[in-house]
Amino acid sequence: MTVTNYDALVRPDRVHGSLYTDPEIFAEEMERIFYRTWVYVGHVSEVPQPNDYVVKSIGPQSVIMTRDRAGKVNLLQNRCAHRANLVCDAPRGNTRAFRCQYHGWTYDSDGALLGMPYKQGYDGVIEKSELGLGRVPRVAEYRGFVFGSFAADGPSLLEHLGSATDAFDRLCRLSPAGEVAVSAGWLQHRVAANWKMLLENETDGYHPQFVHSSVFQVANSAIGALYGESSTAVCRDLGGGHTENDLRPEFRRLGVPMGWFGTTADKVPNYVARMRQSYGAGAEEILIDGSPHVMIFPNLFIAEIQLFVIQPLSVNQTVQHVTCVQLAEGEEMNRRMLQQTIGSVGPAGLLLADDTEMYERNQRGVASRLPEWLVLARGLKRERIDADGHTIGNNTDELTLRAIWRHWLTLMDPMAEGTAA
Amino acid sequence: MTGTTITDIELGEAEQFLYREARLADAHDYDAWEALWTDDAVYWVPAGGESATDPTTQVSVLFDNRSRIGTRIRQLKTGKRHSQSPNSSLCRLITNVELLGDHDGDTVVGAAMLAVESRDRGTTIWAGRCEYRLRRVDGELRMSWKKILLVDRDRALNTMSFLI
Ligand code: FES
Ligand SMILES: [Fe+2]
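Protein chains in written order, with my numbering: chain X, 1 to 421; chain V, 1001 to 1164.
The shape of chain X in the complex, shown without the other chains (with noise of 0.2 angstroms):
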């Protein structure tokens, strides 16, 4: 059991710099946060058909995500229950039996064990129905997005996701149908920095000025303005972990359908009529505000046409999974939205490869001694509080940090005084 004093090294207006150094502190989050809180893990449009099946990961742990043949998404350990074999090398498939290569057990997409060859050996030495692959206890989803927890009790989805619900409410709305599909593959994106330095600069709206410098200059981008001085988007603390920045706004200001994907009505005439058959009067609003800016704590990321999925390896590597979301009946949008996924992002990307060498620098200045300690004060003195009650600050504000911080105490250290509470 520890003896880290995490209410020592996580503080209001810092945080101590061994907390992305320390192999024993990543060990302890890993039991703490991902094998005991709701971690995102996959989408049902993954695996659409029963025994379709796809390989996923819960921090360094491989899992299987399959749909039985009774239609339910489940969450099985890619170990075999004999010996611990992968029964699983294919990253995605359909099977009506997972046969694991060492001696032949086989398992239902459910995670039942089928049947062993030569079974006479075990006959009244084991329980075959006591014996199928790992389940990850508890499988849940929200509008499509499959979340698991090791924790056989605890908060429901839903209380874990708190009001961080409306952000995948507003991601689905921007289709006709109101449904989005994981459906255009991934991209992995190696990174040798702890994974925390990824979670925090997702809802960092300090840096994109300076690390995407570049991008600003030569695409004509406007994102840089929603991250400036003068930008009337702030950044919020969702509670429970989840943090944000809200880009509205400043759409409303621009108050142009389309707006926030930096094009015009005209542009995408097809699915702006949809849209407009879809929801009516309410379309107007839906196109004007776009798409939500959410880091669903501790490895989910909702950037804006993009998921972003963290996983943890080790105390010093990270791989960063991103998509391109494809809205039902969005076949307009979809493929503007995967042009522009492929120009921004994964490892040759023209904005996340600069943040992800900023996350790798960040990693290798941790490692020296001194000043010991990493700022977080930016903004403190000028949170407020919005109509429903959440905090928030202007957008370069380091409010969504301390946020973090402060609900990872919680998990670490539930008895934690409160310093930064």
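Not the full set, but computed from the structure, chain X residues with beta-carbon under 10 angstroms of chain V: (1) 92; (2) 345; (3) 358.
Note that these hints are calculated values from the structure, not bench results. Ideal Cβ positions, reconstructed from N, Cα and C, are used throughout, including at glycine.
Mind docking chain V with the ligands on chain X? Use the hints.
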């Protein structure tokens, strides 16, 4: 690609072109490298799986048309492309060069690539099979297509912000 059409580009000339392209990319000679492309160029690095067959419905690591190649180069030239500042130190081998046929009048050339990239992060080995389409424009060879099928494309990749 039929593999039978006669084109006016010989193996030796194609090889010299590929070696020059590799040398300019290794040297971060952005303008000279950009000038090798035709106006209808496609520069493509699939991400693996289905991405290698359909970049219009699947995410790729890189899928640039001529305009985005230009944007990529302009970004590198700002000096604020942090993932290439400082530049990666690079050396690549282009080998196993073969003329594979013809595509709408362009000569299809296959090759194997092995690149060593050195950065503060560490040294990364990039290997892949390349497919080029070459065309003679005003007497000069140009490329209209470059596709790199990385051997690691099904796995997590390091940042790849140099010109591969
Ligand atoms: S380890 Fe799977 S059958 Fe033996
Ligand atoms: Fe960024």
